[in-house]
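There are 2 protein chains.
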Amino acid sequence: MIEDKNPQRTSIAQLGEFGLIDHLTKNFEINQPSTLKGIGDDAAVLDFKDKKVVVSTDLLIEGVHFDLAYMPLKHLGYKAVVVNVSDICAMNAKPTQITVSVAVSNRFPLEALDELFAGITHAAREYNVDVIGGDTTSSQKGLIISITAIGEADEEEIVYRNGAKQTDLLVVTGDIGAAYMGLQVLEREKQVFQVNPNSQPDLDAYTYLIERQLKPEARKDVRTLLHALEIKPTSMIDISDGLSSEIMHLCKQSKVGCNLYEDKLPIDPTFINVCEEFNIDSTTVAINGGEDYELLFTIAMEDFEKIKANPNFTIIGHMTQESEGIHLVTRANTKIALKARGWDALTQ
Amino acid sequence: MIEDKNPQRTSIAQLGEFGLIDHLTKNFEINQPSTLKGIGDDAAVLDFKDKKVVVSTDLLIEGVHFDLAYMPLKHLGYKAVVVNVSDICAMNAKPTQITVSVAVSNRFPLEALDELFAGITHAAREYNVDVIGGDTTSSQKGLIISITAIGEADEEEIVYRNGAKQTDLLVVTGDIGAAYMGLQVLEREKQVFQVNPNSQPDLDAYTYLIERQLKPEARKDVRTLLHALEIKPTSMIDISDGLSSEIMHLCKQSKVGCNLYEDKLPIDPTFINVCEEFNIDSTTVAINGGEDYELLFTIAMEDFEKIKANPNFTIIGHMTQESEGIHLVTRANTKIALKARGWDALTQ
Numbered sequence: 001m002i003e004d005k006n007p008q009r010t011s012i013a014q015l016g017e018f019g020l021i022d023h024l025t026k027n028f029e030i031n032q033p034s035t036l037k038g039i040g041d042d043a044a045v046l047d048f049k050d051k052k053v054v055v056s057t058d059l060l061i062e063g064v065h066f067d068l069a070y071m072p073l074k075h076l077g078y079k080a081v082v083v084n085v086s087d088i089c090a091m092n093a094k095p096t097q098i099t100v101s102v103a104v105s106n107r108f109p110l111e112a113l114d115e116l117f118a119g120i121t122h123a124a125r126e127y128n129v130d131v132i133g134g135d136t137t138s139s140q141k142g143l144i145i146s147i148t149a150i151g152e153a154d155e156e157e158i159v160y161r162n163g164a165k166q167t168d169l170l171v172v173t174g175d176i177g178a179a180y181m182g183l184q185v186l187e188r189e190k191q192v193f194q195v196n197p198n199s200q201p202d203l204d205a206y207t208y209l210i211e212r213q214l215k216p217e218a219r220k221d222v223r224t225l226l227h228a229l230e231i232k233p234t235s236m237i238d239i240s241d242g243l244s245s246e247i248m249h250l251c252k253q254s255k256v257g258c259n260l261y262e263d264k265l266p267i268d269p270t271f272i273n274v275c276e277e278f279n280i281d282s283t284t285v286a287i288n289g290g291e292d293y294e295l296l297f298t299i300a301m302e303d304f305e306k307i308k309a310n311p312n313f314t315i316i317g318h319m320t321q322e323s324e325g326i327h328l329v330t331r332a333n334t335k336i337a338l339k340a341r342g343w344d345a346l347t348q
Numbered sequence: 001m002i003e004d005k006n007p008q009r010t011s012i013a014q015l016g017e018f019g020l021i022d023h024l025t026k027n028f029e030i031n032q033p034s035t036l037k038g039i040g041d042d043a044a045v046l047d048f049k050d051k052k053v054v055v056s057t058d059l060l061i062e063g064v065h066f067d068l069a070y071m072p073l074k075h076l077g078y079k080a081v082v083v084n085v086s087d088i089c090a091m092n093a094k095p096t097q098i099t100v101s102v103a104v105s106n107r108f109p110l111e112a113l114d115e116l117f118a119g120i121t122h123a124a125r126e127y128n129v130d131v132i133g134g135d136t137t138s139s140q141k142g143l144i145i146s147i148t149a150i151g152e153a154d155e156e157e158i159v160y161r162n163g164a165k166q167t168d169l170l171v172v173t174g175d176i177g178a179a180y181m182g183l184q185v186l187e188r189e190k191q192v193f194q195v196n197p198n199s200q201p202d203l204d205a206y207t208y209l210i211e212r213q214l215k216p217e218a219r220k221d222v223r224t225l226l227h228a229l230e231i232k233p234t235s236m237i238d239i240s241d242g243l244s245s246e247i248m249h250l251c252k253q254s255k256v257g258c259n260l261y262e263d264k265l266p267i268d269p270t271f272i273n274v275c276e277e278f279n280i281d282s283t284t285v286a287i288n289g290g291e292d293y294e295l296l297f298t299i300a301m302e303d304f305e306k307i308k309a310n311p312n313f314t315i316i317g318h319m320t321q322e323s324e325g326i327h328l329v330t331r332a333n334t335k336i337a338l339k340a341r342g343w344d345a346l347t348q
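Chain order of the listed sequences is A and B.
So for the first sequence, the numbering used here puts the first residue at 1; every next one is plus one.
So for the second sequence, the numbering used here puts the first residue at 1; every next one is plus one.
Hints were generated in silico from the structure; no laboratory data involved.
Computed from a prediction, not measured in an experiment: that's the story for all the values here.
Please note that a few of the clues may not be correct.
As the list makes no split between identical chains, a pair holds if one copy fits it or if it spans any two.
Pairs of lysine-lysine residues, derived as DSS-like cross-links and limited to a Cα-Cα distance of at most 27 Å, are as follows [what the hints assert, rightly or not]:
no., residue 1, residue 2
1, 190, 141
2, 165, 308
3, 232, 220
4, 232, 165
5, 141, 232
6, 255, 26
7, 252, 26
8, 26, 339
9, 49, 220
10, 264, 252
11, 232, 49
Make a model of the complete structure from these sequences and hints.
Structure below.
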């Protein structure tokens, strides 16, 4: 519906596997000093010297993780990189390389793959990661993207999920919930379009939410920001499955409890408006909606002064003894036990 | 057809995404000193000290790369690891870690995934690689496996595709063609089974060929063998797409030509018998059949004496000036230009 109808359609089979790989990878640049050899051999060769290496991987499946009815292929390529880079950022590491594997059914012409790879190339430049390998093949159905992201960090910089202490403060970057509501808007427009393909959607009021869904950014800047503030988080995770679910991961692995304050949740004004329009409780979406790709972390109480007025960060709660459990403290000052209701790709 | 019909069927959705990942990954062990942190955080953390890091990735799609009608899931899991480990071996590096991502449609019960992961676990133990991460999700259709393999090597050990010199000898490990004929036997049995599901196939005569197709091994031993012989190949590649196609890769990247000798091709006696039974020219299969996962490499002429009588290696040709082209020298001493007719997943 948003996607351009490209008049040119070149069959992928015409190029052959090696021709296709040459065609798709010709725009990839090597910029990282740690990349000794990129695409073109049995494997890439990397040199991290005295740095530690951080590795994460994700699989994105059409119809499960994305819907091409409203996700332009260029945005999808960009987002696929962002999702993986975000995991590296969540270790407080610097993203350096990615591998990209793609499988497509024969309904995709070469021009569609070009769009996808244009998005991947754009994201690789934006985040300064080298594309060092991958695989391109056919699928029985739909589009499948598998990305592995690699990063580097000094050992003492790396932040795990299991380091939160019971008196730590809980901090989140940016705002939350918008990506989920962006998806609701797009789903609604898709239904409108199915009923009337000639309708011209006016999505101006939803620009921010849709952008959060279609073109999220990984918080690569947070590492630098925290470094400048001389803060090292005690634990960290990225918010892909929803705040609630990620808090439970941090608590479980760190063996602590948590009080999360409803009135502290950083949400965008347009997010509240659209929640009202959809008649959905904004707090429920803010804590359960996923795909924001913000970072959630804990810091020692002593670091409060360093972070309190910083517009990049919001203190949303504090950790407690494990036995106290994990609760949302509402505006009415009642405590509600948090449940992980994160976005679960397997039960959709 | 070969697969056991497991009477128990547990729906994957019952476990939820995190429950499923916990269940599937509980048997993975960490044995490599370079693995600081495996599964359980946003990313794994590795430490290669002064070694270089080698990375390769592959995507395996049901109906394109494998057929579950004759590929038992346990074998498939094993083979998926082998295919990736083989790429690391082809760099003359030591495989150390893998990430494993799997997408399945809801036709797969938990017991099927358990079989697949049993094969993955078995291969990880056999090749001493740590499973350090991955992703498990649902697919719209069929089974999808994405594996990234990581290895380590000293810089001076690493062998690329582009180092062959015009006077080098061309060497292959093991024997070739058998995996392709194993596939032909299995395809034939599948057709027999479709006509008569009660037929009991007698596959004794084809054991070796079927094993080469269903349970190939990566030549992790070659690195050690060559080290003991004090030979460093000048170029190397693994034979996944067929000898002919891989020779052309080495020649193209090294800017040399090649004479390959038909009478030197290492083939198994049962392979010849089955080629005759299928009325297929054995040389054509030996040079074009893929999936042998043997290693193909070039060595300096001075190393001839070190390798000539070694049962692990066969000298099958020699490199030439680039302008001389790439030829098969037949038993009748005629030269035929080689064409890359390698197995191409995109034109199937």
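- Query: Checking against the hints above, which ones are violated?
  - Reply: When the structure is compared with the hints, only number 5 turns out to be violated.
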